[in-house]
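Engineer: Work out the full structure, taking the sequences as your base and the hints as a guide.
Chains as they are written, first to last, in our numbering: chain V, 1 to 603; chain E, 1001 to 1371.
Hints are computed from structural coordinates only; laboratory data are not their basis.
Since the structure is predicted, the reported quantities are computational estimates derived from the model, not experimental observations.
Quick reminder that beta carbons are idealized off the backbone N, C-alpha and C, glycines included.
Derived contacts from chain E toward chain V, CB cut-off under 10 Å, selection only:
(1) S1239
(2) G1275
(3) Y1307
(4) A1309
(5) F1313
(6) I1320
No more than 27 Å apart at the CA atoms, straight line, and that leaves these computed lysine-lysine pairs for DSS-like:
(7) K1188(E) to K14(V)
(8) K73(V) to K162(V)
(9) K1051(E) to K121(V)
(10) K207(V) to K1210(E)
Quick look at which bits of chain V chain E covers, simulated, 3 or more residues with Cβ under 8 Å:
(11) 16-24
(12) 32-40
So you can see what is in the structure, the chains are spelled out below.
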Amino acid sequence: MSSLHDSKSQQPPKTGLLLLQGLILLLFFIFALRFWFLQIHKGIYFEEQAKNNQLRQDRLYAPRGLIRDREGKLLALNEPAYALGLVREDCKDLDATMLTVSKWTGVDLAKLKDVFKKSRKRVKPFEPLILIPNLTFKQVAIIEANALHWPGLEVVVRSRRKYLQGPLLSHVLGYVAESTEAELEADEGLAVGDFTGKQGLEFMLEKRFRGVKGRRQVEVDATGRRLKERILNPPVAGEDIDLSIDIELQTLGGKLLEGKAGAVVVMNPDNGQILAFVSAPSYDNNLFTTGFSRKDWAELQNNPMHPLQNRVIQSVYPPGSVFKLAVAAAGLHYNVINLKETVHCPGFVKLGKYVFRCWKKYGHGDVNMEQALVQSCDVYFYKLGMKLGVDRISEFAFKAGFGKKTGISLPHEKPGLIPTRAWKRRRFGEIWHPGENLNFAIGQGYTLTSPLQVARFISSVVNGGRLLRPQLLAGEPAEEQGRLPLSDVQLQLIRKAMIETVDGAHGTARRLRMKGIVVGGKTGTAQVVKLTDELKKMKDKDIPYKYRDHAWMASFAERGAERYVIVCMVEHGLHGASGAGPIVKALYDQLYAKKPEGEAVRD
Amino acid sequence: MSPVDRRLLIHMNWFLLGLAGVLFFVGVMNLYSASGFRMEDGMSVNSFYQKQLIWGLMGFGGMITFMLFDYRHLKTIAWPLFFVTVLLLIAVPFAGKTIYGARRWLDLGFFNFQPSELAKITILIIGARILSKDSDPLGFTKLAYVVGVGLVPAVMVILQPDLGSGLNILLILGGMILYRGLTSKVFKTMAVAIPCIIPLGWLFMHDYQKRRVVSFMDPASDPLGAGYHIIQSEIAIGSGRLWGKGFLGGTQSQLRFLPEKHTDFAIAVFGEEWGFVGAMSLLSLFCVFLYQMVVTARDAKDLFGSYLAAGVFFYFFWQILINMGMVLGLMPVVGIPLPFISYGGSATVVNFCLVGLVLNVSMRRYVFKQG
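Structural biologist: As structure tokens, then:
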């Protein structure tokens, strides 16, 4: 024990002891003074406050920003929606109240209890907890008539998103739905029951659309009845947003794709603005705000045409012959084509023991680069593909914006796929076979592109090689993401071949011809499966839907400074010219009919 | 030496024991009132004060335990105890249980153990051991050493995240350092440096903690959230006026305008029901209670005991200061309970244990060489 024993000479610190006593005095006087101030000096005031009390504060919901098209036509607005709120502090008998609510509205009691349990922690004292987010008018009437007997219950008026165009713009606008647990956790500005953007621009621009909630002071009596109200902070409405979309053009695009699965993009090649963005089939985005019936949701999920799929940016397809434009451009860039040099097309090419066929059975005869593009001769591109090799084709394709996202401000965009040797080794553990260069050069094989990527590529051919980010909002400045490594002369050659495809006697896109307007195009017919001999013999209309080829049409048109790029892709549309051509033509007709010649588009 | 010598019982500070008992009794009574007659989330609120009574009994047992052994043994186990505490704190992020979004608890099967509570006791013991080695005012080197030892558990607790307990640990140690005294050079340097360091703390605070500070500066900025507590507790206390509204008579607390009234805001219920007179009585009780720690620190037989008593002093002092400061609207809202008055299991047990520790030091003040 002696080892634990300290020498008596060590006295406790004197100043330390004084300090402790001083601290006690300090503690006493600070708090005594404060109690005196609150209870004696301001006691009457606080007693008054306690009596009237009962000042509470309410939120005032901020309306979500409106959405308009490029001409100022309203596309999305807000309408009042009624929710049932429960202030649990006012509620005398929670179980009985919930049972009554269940009786009034037909909502399952267990579900109500579940909602209550989940939201309870997140709702501040004296704030209505949203029990039922959407009430029908009949339900509102019942509740308003009986609420007096059930303190705590109140009808909360909020605003709800309404999309005037329904399915037509769902793939652009997306939709809003009730905030999830995780969103509430992450975002301070959100309250239980708030709607947040889940898809499309509603999701991407959530912060701009949302606005800031206001506050209102409410005086209530002991039973929670409202006596007086005063607005402390008015709510700040969310930002209104104008789209680059031309709703008339969009409407036409939607009509033209009715009953089909496919995509149409209309783009201004000079600034990247999107005038029409159609993905078909679509869904009604209003359903997400008003609530789905189980049946509707199942139908949407199980629809074999996948209406939730955004075909402009999320579906990737083999580009077929449209890709020949890029391969021809690569040939020019790497200087492996002599423009005058012709290739003889007998209808096939042999590589080792394999035979690669041209789409034209008996061949195109002698074709130069322009004619090869105009007539979409496969043999010419087989040979060009062999000369270029996979490394150069893919390098060029990446520079042309394929194989990576376009960066449009929509969620879940897919990058598509441009194969490389390294990719193939990673993916299949195999080397790149020379024969694959041939398929690569005609846009078959592994290559996958989204319609939007094709539109951006065509735009760059038209606008002097600038790869622009596709923009959905009006007035957004053009954003250059890269350049095609081609000279103006080389770009002109590609352009000229596209024009000749429309104008020439042998062109595959002749149906795009328009009087007084320069139009260029490239058709594509992308194989979905390697057709068996049996299928090959069939007439088009006899081939089962899922085996039919995809139809592509990539095009541009210009009249003076007024230029557009339109890309259309119809799933299983058989042939580019017949499956996608008429759709593109109809859109140009409307675009050029709308404004007399000479008037430039408003940008 | 038998565990409890008769002389020890005679020398025991019965007054301190009585004070703790009275405070606890006031707390249970207040809790009974705060519980009111309403149902809270399906759980009968009456069970709050019943549970608190049970915790009090456990605390009483803890207090006896902390009195029985000779406190000087703590000196030997100070370092091992420190390392065990650190190990437990390390275990928390891996094996801890998450309650209310924070990982602070270890599940020991029969109850959930909060190592940060143990850390508060540990810091007091290790602090007493280091600081009582000699008695000169602390210079820079020694100060850095002591603070360094304290920072280890404190930072780990803050990261849990439990800013309140973490700062509590540092404050207890800081108080003990002040008790020992600093050289004037150190003192002057700190007087300049600390105000400069405080803004840095802002950078490390969670958003909700920042909101509390902001809402303290301007309660109207967030009257539905953090500011709501302050506004409502001021109304409750203020409306109690001189004599209070009487036991069970508080309108604010009974009508449930006052949040968390059984835990951190218990004093608001008390202030409303017992008025200025009651508040002064309770405040005085706390001051006399604290003064008993000072007496023990003064009369302790050795420096180790003196520092233990000073440590316990600061353990209670900061809690009272911060809790009352917050409820009275003088400080930002931080979740720190009022000793003996607020509801809470581990806190009650620890409070009694520490009173036991002070009694231990106090009753051995005349015990000279015995070993």
